[in-house]
Every structure is written in structure tokens, then in C-alpha cells.
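Chains as they are written, first to last, in the working numbering: chain A, 1 to 241; chain B, 242 to 1081.
The hints are simulated quantities; they were obtained by calculation from the structure and are not laboratory data. Think of the CB as a built atom: it goes at the ideal place given N, C-alpha and C, for glycine as much as any other residue. A portion of the hints provided could be inaccurate.
Quick list of the computed label-pair ranges, beta carbon to beta carbon [what the hints assert, rightly or not]:
1. B:A501 / A:D237: 45 to 55 Å
2. B:S716 / A:G133: 39 to 49 Å
3. A:G213 / B:W1067: 50 to 60 Å
4. B:G1005 / A:A141: 52 to 62 Å
5. B:S716 / A:S91: 48 to 58 Å
6. A:S145 / B:A587: 45 to 55 Å
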Amino acid sequence: MAATSTARARRRPLQADTRPTVLEVDAVEHIYELGGRVVPVLRGASLAVRRGEIVAVVGRSGSGKSTLLHLAGGLAMPQRGEVRIEGTPLSAMGSRNRAIARRRQMGFVFQAFHLLPGLDVIDNVSMPLLLDGVRRSVARAKARSVLADVGLYGRGDHLPSELSGGELQRAAIARALVADPILVLADEPTGNLDSATADDVINLVVSRVRDAGVGMLLVTHDSVIADHADRVLTMADGVLA
Amino acid sequence: MNALRLMHLRQLRRQPVRAALAILAIGAGVTLTVAVLVARSSLDQSLTAYNSEIGGNAALRIISRYDHGGVDGSVLDAVERTDGVQAAVPLVMTVSQVNDRHGHDELVAVVGADCRAQALFGAAGCDPNAVATAKDTDPPVIGSAVRAAAGPDGVLRTDVGDRTLDHATVSSDLSRFNRGLVAVYPLSVSQSLFARPNGLDAIYIVPKPGVSPDALKATLAGVAGPSNKVLDASDSSNVVAYVSSQLVPLMLLVSLFGLAVGGQLVFNTMTLSLEERRRELAIESAIGGTPRTVTFGVLAEAAVLGVAGGVVGIGMGLIAARPFVDNLSTYSEQAAGLHLAVHPTASSVIIGIAIGLIASIAAAIVPARRAARLDIAGELVDRSRRNDASVKVNLWRAALYATMCTAGLLLAWRGSRDGGLEPWQPPALYVAVLVTWLGSFRLTPAITPFIVRMIEKLRGFQRGPARVAVSNLLSEGRRTLVVVTAVGSAVGVAFTLGSVLPGMQQGAGGVANANSAGRLTILTLTPNNTGAIDAKVAPATQAAIAQMPGVGRVDRYYWASIDYPGVGPVGLSANEGQPAHYTVFRGADPDTAIARGEVMIGPGLARSLDLHPGSRFEVPGRFGPVPMVVGGIWDSPDNLGRSITMAASLRDQLIGPRPASGLLVTPGPGATVEQLESTIKDAHLADNLKVWNSEELAAAYTDSYKAFLDPFWLLARGLLVVAFIATTSTLLLAAVKRRSEHGLLAAVGMPPGDLGRMVLVEAGLFGVLGTFSGFVGGIIGLAGFCFASQILTGLSIPFSLHFGPLFLYGALATLCVLAGAALPAWRTSQLDPVVALRYE
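Let's have the full structure, built from the sequences with the hints guiding it.
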């Protein structure tokens, strides 16, 4: 797997990396059909993320960053190329198994938080575990613990509408980590936050990810945010460089 | 399970209005079905209770395939001699009228029995001598309800004239039979009063101890002969079996139509609800919810709504059952004097819940599958990428459905020609009508976008709230079509019924003319479905009429019914003198055929037995099998086209003497029908005597057919309620879904009042479009019904359009949808734009 990359920031020494690869994106191509018009979004993008590694993808709006992240998470399937999680191609899984992979092996952090408005924070955070059949008392205990880690101790009983933007994103980070995934996929996690809150949130997610030793693919248009990554890839016209 | 509860079932609590509307929608659909099931169970329960009460200790009973005392007295002797029979109890069982002398008639059951009936109920001090010496003028023993109906100076009608009830003994024991509407005579008296010489209606049998009823039943079948049937004591009789076999399925069909519209509403509610929650479902999928999780969650929601809707439907169904039970009771009273009460059963309750559950889940399957196939990524980042729910204007689709309707109608016309006697015709007709109706259901939605486009071009819809409203109809095409279908169903059914009735009037006019053109018809009862009532024109009255000035001749006509093996109820009619003149499809004209000793048969019987002119067939008669030859097949509507018309002499050979059902009086030389009518009426021969010319007879036929349409009118009114619920639910859901859009309109300057008006304009357009849809669907439905009527009902109904019900129900339906839109309009006008814009 040879990811085409330009390292803008490297915090690790140049040496043979023996950590296992958790995500491989191999020459994926993807198009959208909008109003009868075919729009190519990705034209052979490739990358790899290893356990404990944070990889950022930067680029302008519409360059295909979010699409890459969605393909990496199995939310959509590429027309060509392959995405592998711990070596298993997503294309070999049915939609059910891709969903199971998302709940057990991945965690998502979205720009718009995407918490379920009718559930309190603790139910939102415990949802991946509940979907996996974990008993509710066990899931809630785990969720409380993770919420405490992200600084939301005592806020579990609140509805999303009762939290600030920064708190919502912390809750989303807790949800992404609650099932002990091997990979976190973050799509503009600070895009809806002011700069001070954004700084707190990115520091939080990076520290939690590093503490947990999981891989992370971070999509952002903000170079300051991208600087927290081990490697930064640039997306332009559907190609990673 | 926890995820299911949190993600889906909690939605029901979060959105109580949506849940309540969905429950109401499915409840409305279940209501009619439960009402019909309760009506059916009421019939069964009332009948079983009546038969069990009459039967007492008896295990078996013998009844005739014929009505009106068809068991010959000789059968009783043979039964009494049969091994294993401890007691054979002969009974006369008929229905007559009690009149209070103030114009009110009540149908009552009449029983004739002798002291042998003590074998059924135990010793009651019966004096055989008193019974043997009873006279025809002695009053009966009556139930308390008969006394109440008769009043102080009331009478009981019989076939030989009225009998006073002044000194009738009221028995408290009889009050438990048929709600006390029963009169009992000594057996011989009842045979005399109700024209049953040596004829019985039933023989109840008490087996000897240790004798198996089943074994005895088999033995008695041979003893009773082919013209009689051996039944368990509580089994239903022929006439009531006719009610349940003909009317209940028809009512069930009506109720299923209501259920289909209710199911469509649930589909609509689930679809809109899931549209509104697309993002939440996408989040569920993004964090690991499998397609099965999503599908199962949506179906679980639907199941809860379905069960709740079923419970609501059962409650409403018990209330709505009353008119259905009354409708059935009319027939059972006429057939057996049996008055029905509402009797819900556990099975109708369980079936109601099951139907609610199944309909709700079935309606949710497509929305659930759509939810499971959601474009997760697209939904999470860009809602505009989602599939638009708008329905495109598609000329080809409209043309396809129009062609389907046209082809269906052409095939229906071909399938119904000449009585539909060819074997391929009835199935072709059914397929054609089905294709036509399915096509019309699809045609009106297909042409609705064209109409909306035309409305869009009108000057009044170019600006302001009306402009937004009309564009909403196009952009939310699926929602538009569902409400238009709901409104159109109510209007279309009303339009069809409103046009069927005048068509029936024309058909009835044809029947009346065929029977009595140039003659007077004289009856004591209404002309349809009253054959079993023993209150015919008394012989003394007949003699008096024959002696009147201006009377040329008096012809009697007779009606009987047989439960024909393998066919069911078949009408038998015989006329003295000139027979009726219906259109002859095949064979000889009735005068020639009947003069040759042959019979005319209706198309329904010809189809059932595959009979043609010249065919020979055998009818099991009271005194043995009677061979018959088909002279012709004609358009007689009697018994749904299953009838045999014969000479009076052949009728005597078949079933023996009977009271005349009515008289046909021909004016003599120099007299006119009008003069003769006045003469007979002025003579006041009997207070219940009906003297009708052919126009009046046609009107009487029409009145009797109206009762046939009652369940359909109930359906039309029920559909109005469904249209109201459909409008309220869809507009409320749309208001929630379009909250940010409404917030934006408010933010850019649309006043709150205009926001509300916009919703009301949409509702008004639903009414207009629904009325148009009902007009198109109604025309097609009516044409299909007219073609099918001859085969389905026996009556040929000409196609004619009457627009009164269309406009009336169109206006009512529009008022309903405007009323249904009031709450959504008010809620929209109260919108806080800041909150609404933050909603997304």
C-alpha cells in the first residue's frame, strides 16, 4: 500500500513503521450524478492510516474530502478502488456487516455533531453499544465513564438542545470512542465552533485518540487544525497529494 | 432491543400528534371491518340463540329445502317410526306482522306446536284435547314484546286475514324467545292460518338415550328425502344462510375498501414521518445501525401504531356496527322474524387487532425499506441531494392508465353482453372490472399533476400565499396524491352511488313494466324480499276484488324459494295468466315456453347449472323429483338472476298449494287502470292492502333497492372522516417537515396570517382536486358497476350520470379538508422564525 502523500508535519522520526494498518484506501474513484450531470469527485485517491496515527486531509470545499471520509467509513461505496479495514475489504462485506464494522471498529465525529435530538446525552453516547446488544446498564456505565473523560461529567441527563456547541462536539467525541474503536473518522470536527472552543475540542479529540492508541482520519479545511496530525495530505480535484 | 426502544418506540412519545393521527387513520380503516365482523357475529349469535331456545332438548332437526312449510306431514310419520328417535316434534315456524291499528307493523316470529313440544321443554301442563279442539279464531299465546307492539287493539296478520290479539295470553316464558317478539298457536291452527295444509317447517328430534346424533342424522337423511335436510338443532336455516352468504361478503368488500384507504393513510403517515427523520436514521446507520435494525425499528413502530389503531378501531367498530346489524336485521326479520341485537365476540376483537397490526405493518414495509436504503453520506452532509418526493408530470403514464381503463371497460361490456351466458364471460367481466378500477385508481393520480399545472397558470395563483401553496402541491407530489386519493374516494363513491340509484330506478321501472304494464298489482307487503312473510292477501279480499265493477280478470302470482343443491337459494315463480316479459337472451319467448310446459330461467341459474334452451334438469320437489325443460333464458332479476318461472300447474306439482304472493288485476272492457285503482282503494278492503300501478310498483321496488345501498352510503360517510384525518395528518406532518422553509418565508417577509392562509389554500386545492378525481373515478366506477350489475345483482342498470351527489360530497369533502387544515394552519401561523430557522 503506497499512499501518495506530502508530509507537512511529522512528529515521528523517519523509520520503518511497524504499527498495523487499520485503514487502507486504495485508488478509489467516485462520481456523483446531480441533475443528470456526472460529477467526478475522487479520481484514484489512496492513503493508509496505522494504529495510533493521525492523518489529516486538507483541501478546499468540494475537493472530495468528505466523500473520501464517507467511503473510508463505508457510508458509501466507491465505483472503483478498494477500502480495507484491518485488511478486510469493505466491498466484501454486505451492508449489514459494514454497519457492524462501523459500530465496533470505527467512530465518527461530524461537523454538525449529529446527536439524536430526542435522546439525552448518555443515551446518545451509549447508542453504538446498545446497537451491538450490550445491556443498557453496562452501556450507560461505559458512556458515563467516557463522558467524564471528555469533560462532560454530570451532563449525561441533558438533551442535546441544552448543550453548547463545544459540549455537543465533546459528546460526539465520546460517542465515537465509547465502543473502543480502532479508527476514528472526523469530518471538520471544529467547523461549527469558535476558535477558542475549536482549539479545546481538537486538543481533546487528539489526546483521547492518542491515549487510546487508535488511528484517526481527520478531514478539515483548517491548516491549524491539520497541524495536530502526524501526516497531512492535500486533496485537490479528487486526487490526494 | 434497547436501541430499538430508544431510536424508534420513543419517537411515538416524542411525536404524540403524529402517533395519534396514525392510530386514528388505522383505527378508521379497521372500524368498518370490525363493524361488519360484529354484524356477522350478531347474526350468528342471535340465530344460534333462537334455534337453541326453540330446539330445547332436541339434537337434530329436519327442515325443507323449500320455504313455507315445505316438510310434508308424511315425513313426520316416517321419522317417528325411525329407530333411535325418542321424540319427533312437528313445528310450524313462520314470520308475520303485528299491527297496532295505527299504521305501525312489527315483524314477529310465529310458532305452531302441539303437546309433543313438551319433549323439548319438559312438561308444561299441555292439554291435548284443548289443542285438538282449538279454533282458527282463538288468540295465540304471545311474548310481552308482541303485546307492546300490538297495543290494546292490535292484530296479528295471517294468510287468511287479521286476527285480534285482544284476549291473547302473554307468557313470560315466551319473552326470552326473540326478545319476546313471538306468537304461538296450536299446530293445526297455525297450518290453517298460514296456509300450510299438511305442511311443516321443522321437525325437531330428540334421540333415544345412548343413540349417537351423528348416526341418527345419517339414518334420517334417507328418511327425509332429497327435498329436506337434516341439521343439528342449532344450525342456521336456508334464508338466514342466504343473508350471511350474500350480504355479509358484500359488506366485507365495502369494509376492505375502507381498510385499503386507511392503510394508504398509514403508508402516508409513515412515509412523511420517516422523511422528517431522515437525518436521524442516517445517524443511526452511521454509528452502526444495520439496514435490518432500521427496517425492524420502523416496522416495530408501525406494529405499535397498528395494535393501538386496532383497539381504537374496535371501539369505533362497535358503535358503527349498529347500522350494519340493523341492515342485516331487516333481512333476517323478513326471512324468519328474527330480530338481531349487537353481539360482539372475542374473535371479532382479536381479528380487529390483527387487521390493524397487519395493515399497519404492510403499509410500513415500503417506507421501512426506503429508510434502510437511505443515502447515509448524502443525508449527513447535504440534504438537498436526497430524492425529491415530487411526482413528475408524465404524459405516457397518464395515457397508459387511460388506455387500461378504456380497454377494461370494453372488455367489461363484451363480458356482460347478452346476459353473460358464455362460460368465458363472467371471469372476463370480473377481470375487466378489476383492471378498470385499478386503472382508475392510478389514472386520477397520474392526471393530477396536469391539473395542478393548469391551476398554477391561473391569475389568482401567481403571487402571495396561493403561489407558494400551489408550488407545494407540485413539490410534495406524494403527499398531494395521498390526500387527493382520500378525498376522491369519498366523492367518487358518493357520485357513483348517486348515479346508481337513479339507474336502479330505471331498472326497477323495467321490472315493474315487465310484470304489470296495463295492470294493477295488489299486495299486502312490499314487493322485494318479503316472500317469507305470511301476511298475504286474504282469500276473502281476493274474492271481493274479483267481484268489483271494472275488473276484467284477476291473476294470482306465486313466489317460493328452494335451497337448490349445489347452487343455493333459487327463486320459483308462477303466474296465472300472462307471465312477465323480460328481455329474452336465448330460447323461446315466455308465453310460448310456458304454454309448452317448459320453464324460463334467469341467467344466474343458467350459468350455475350450465343450462341452455332445451336443457333438461330435475328439481327436488315436496312430493318427489320434478323434471323440467328450459324454454328460454331471460333477464329476470329475481334472486340475483337465479330463478325459475313456470306455469302454476307445474308449481302445484312441485310444492303443492300456496297462498298467492299478490294479485295482478286487469281492467275489464271500458275501464282504465286509473279508474280501477280508485275503485279498489275506495273500497277499503284491508288496511294493509297496497294497490299499485306500474309506476308506483317501480317506486316500491326502488325503495327496497335503496336498503341494498345502505352499507355503501355508510362507506361514503366513513370515507369523509378518513379524508378529514388524512388532511390533518399530512398537513401537520408537512408543517413539521417544512418548518425551516416556513421560517425562511417568515424571515423574508411573509406575515403570519399569510403563512396560515397558504396552508388553507393548499387544503382548498386538495378539495378541488379530490372532487375532480372523484368525478373521473366515479364515471369509470359507475360504468364498471353497470356492466357488472346484471351478473352480480341480477338487475340490469342503465348508465346515467347524476351530478347532485358529486357537488354535494365535493363541497362536504372540501369543508372536511378545510376543517382538517385549520389546526395545521394555525400552528404554521404561530411559527417563531428564529426557532424554525435553527431547527435544521
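Against the structure, the hints come out as follows:
| no. | hint | in the structure |
| --- | --- | --- |
| 1 | B:A501 / A:D237: 45 to 55 Å | 53 Å, holds |
| 2 | B:S716 / A:G133: 39 to 49 Å | 41 Å, holds |
| 3 | A:G213 / B:W1067: 50 to 60 Å | 57 Å, holds |
| 4 | B:G1005 / A:A141: 52 to 62 Å | 56 Å, holds |
| 5 | B:S716 / A:S91: 48 to 58 Å | 36 Å, violated |
| 6 | A:S145 / B:A587: 45 to 55 Å | 51 Å, holds |
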